Amino acid sequence: TAVNEIVPEKNKLKVHDFSKNKGYDYHYDYLICATGAIYNRLDFEGFDERVFYFKNLNHLRNLKNFIYENKPKKACLVGAGYINLELAENLVSLGINVTIIEKSDKILPFLPEEQQQFALSHLESKGVKVFPDTDIISKQGNLFNTSAGSFECDFVVVAIGVRPNTEILHGSGITLGIKNAVKVNHNLQTNFENIFAAGDCAEHYVPLLKDWTYMPLGTTANKMGRISGFNVANMNNMESFYGINQSAAFRIFDISVATTGLFEQQLNDYGFNYKKTEISIPDRPEYIGGDTQKICLLYDGKTGQIYGSQITGHGTVAKRTDILSTAIHAGMTVEDFSHTDLTYAPPFANVWDSLLVAANVALKNL
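Here this note's numbering is used: the first residue of the sequence shown is 1, the next is one more, and so on.
These aren't lab readings, by the way, just hints derived from the structure by calculation. Keep in mind that this is a model prediction, so the values were computed, not measured. Don't take each hint at face value.
[Claimed, not checked] The list that follows gives simulated cross-link-like pairs (lysine-lysine, BS3-like), each with its CA atoms no further than 30 angstroms apart:
hint : residue 1 : residue 2
1    : K14       : K179
2    : K302      : K364
3    : K276      : K210
4    : K126      : K73
5    : K223      : K179
6    : K302      : K276
7    : K64       : K14
8    : K223      : K183
9    : K64       : K103
10   : K71       : K103
11   : K129      : K71
12   : K126      : K64
13   : K210      : K319
14   : K183      : K10
15   : K126      : K74
16   : K55       : K183
17   : K106      : K126
18   : K103      : K129
19   : K223      : K74
20   : K10       : K20
21   : K106      : K275
22   : K364      : K276
23   : K126      : K103
24   : K275      : K210
25   : K319      : K275
26   : K106      : K73
27   : K73       : K55
28   : K319      : K364
29   : K20       : K55
30   : K10       : K106
I would like the entire structure built from these sequences, with the hints used as guidance.
Here is the structure:
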């Protein structure tokens, strides 16, 4: 069954039942739009069945079956985002040579320059070739032609982001915003009070910016789904969606990358007066195997309020980022944070945790 049209003024859906090959109208009292996101596609000369996309488990199964049946040796990955950077590790473990093609002049642009280079060097140390600032020209059989040259590859994976799946809403009168995501209020209502939207099809509120953005993540979709469902059942006592800190983490082979709060580009775009502290420090004592963590702390240039953080390196990168997300949520300053009592034991941290070191260095910068 598919919904072909939404008619908000009449509280009506135009629906098609494929099993009966019949269309009918369905009337509702309340409606939640949770249509998710759809992956961006590319259409170049020579793109064939050996070009794969990732959106669901069937896509993954198709690639796994292809690898199992064809025993490929070379792969080109288009896009240097979370999916392809994590996929690279899995392909390398199968003995496949990996080349990553990225249109932007940087990989992971939300990271500070030093962390970008650290991540890039780590990829290259694992045998992955990365070509930023590169355009695709065509695919001719096993030859993948780009502005950086031609590469032999047995298959291609395209993972270049997603966009809101809101085409069905065009012309419905429901207001769309950033990237055609559904505009909602803090109760997740659209411009029709009995129609809600949640997850990857909707905009997402960022309290630090006091503004809306589009950052589709599974955690956010789950929260918005719960709140919109609660509000439909409790219209006289609705719950507000607090918003997001833009927290995310992923792995590149044996290092991790995590971010929370605002990126430096956002701080510049919104005119924040901010300062930045960057440190490179072992995640725990070196005698027990501690290795490099690179921490960037972003904070208000006068008050020291923590605005954001990016961490790249070994050890508990994601959980340290969660600590900073909590601090941001609580509106803490770097001075407040410098007094927090974090755990210490050599297997887990230095006697001065790397986050506390970053906060103390930041204090000297105010």
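Consistency of the hints with the structure:
For a cut-off of 30 angstroms, the pair hint linking K14 to K179 stands: about 25 angstroms separates their Cα positions. Restraint check for K302 and K364: satisfied, since their Cα atoms lie roughly 12 angstroms apart, inside the 30 angstroms limit. Between K276 and K210 the alpha-carbon distance is near 21 angstroms, which keeps this suggested pair within the 30 angstroms criterion. A hinted pair counts as satisfied when its Cα atoms are at most 30 angstroms apart, and K126 with K73 qualifies at roughly 16 angstroms.
As the CA atoms of K223 and K179 are separated by approximately 21 angstroms, the hinted pair is consistent with the 30 angstroms bound. Distance restraint check for K302 and K276: the Cα-Cα separation of roughly 12 angstroms lies within the 30 angstroms cut-off, and the hinted pair is therefore satisfied. Taking the CA atoms of K64 and K14, the gap is near 38 angstroms; set against the 30 angstroms cutoff, the hint is violated. A hinted pair counts as satisfied when its Cα atoms are at most 30 angstroms apart, and K223 with K183 qualifies at roughly 17 angstroms.
Proposed proximity of K64 and K103 is supported: the alpha carbons are some 26 angstroms apart, at most 30 angstroms. Our distance criterion of 30 angstroms between C-alpha atoms is met by K71 and K103, whose separation comes to about 28 angstroms. Our distance criterion of 30 angstroms between C-alpha atoms is met by K129 and K71, whose separation comes to about 20 angstroms. The hinted pair formed by K126 and K64 meets the criterion: a straight-line CA distance of about 22 angstroms does not exceed 30 angstroms.
Pair hint K210 plus K319 holds up; C-alpha atoms about 26 angstroms apart against a cutoff of 30 angstroms. Proximity of K183 to K10 is assessed by CA-CA distance (about 20 angstroms); at most 30 angstroms being required, the pair is judged to hold. For the hint linking K126 to K74, the alpha-carbon distance of about 15 angstroms falls within 30 angstroms, and the restraint holds. Taken as a hint, the K55 and K183 pair is honoured in the structure, with Cα atoms around 24 angstroms apart against an allowance of 30 angstroms.
With a C-alpha separation of about 19 angstroms, the suggested pair K106 and K126 falls inside the 30 angstroms cut-off, and the hint holds. Proximity of K103 to K129 is assessed by CA-CA distance (about 14 angstroms); at most 30 angstroms being required, the pair is judged to hold. For the proposed pair K223 and K74, the alpha carbon gap of about 40 angstroms is over 30 angstroms, so the pair is violated. Using a Cα cut-off of 30 angstroms, the hinted pair K10 and K20 holds, with the two alpha carbons roughly 25 angstroms apart.
At roughly 22 angstroms between alpha-carbon atoms, K106 and K275 fall within 30 angstroms of each other, so this suggested pair holds. With a C-alpha separation of about 11 angstroms, the suggested pair K364 and K276 falls inside the 30 angstroms cut-off, and the hint holds. Of the pairs offered as hints, the one joining K126 and K103 holds, with about 22 angstroms between alpha carbons and a cut-off of 30 angstroms not exceeded. Taken as a hint, the K275 and K210 pair is honoured in the structure, with Cα atoms around 20 angstroms apart against an allowance of 30 angstroms.
Restraint check: the Cα-Cα separation between K319 and K275 comes to about 23 angstroms, which is no more than 30 angstroms; the hinted pair holds. Taking the CA atoms of K106 and K73, the gap is near 27 angstroms; set against the 30 angstroms cutoff, the hint holds. With a C-alpha separation of about 24 angstroms, the suggested pair K73 and K55 falls inside the 30 angstroms cut-off, and the hint holds. With a C-alpha separation of about 25 angstroms, the suggested pairing of K319 with K364 holds against the 30 angstroms cut-off.
For the suggested pair K20 and K55, the alpha carbons sit about 29 angstroms apart, so the restraint of at most 30 angstroms is met. Proposed proximity of K10 and K106 is contradicted: the alpha carbons are some 48 angstroms apart, above 30 angstroms.
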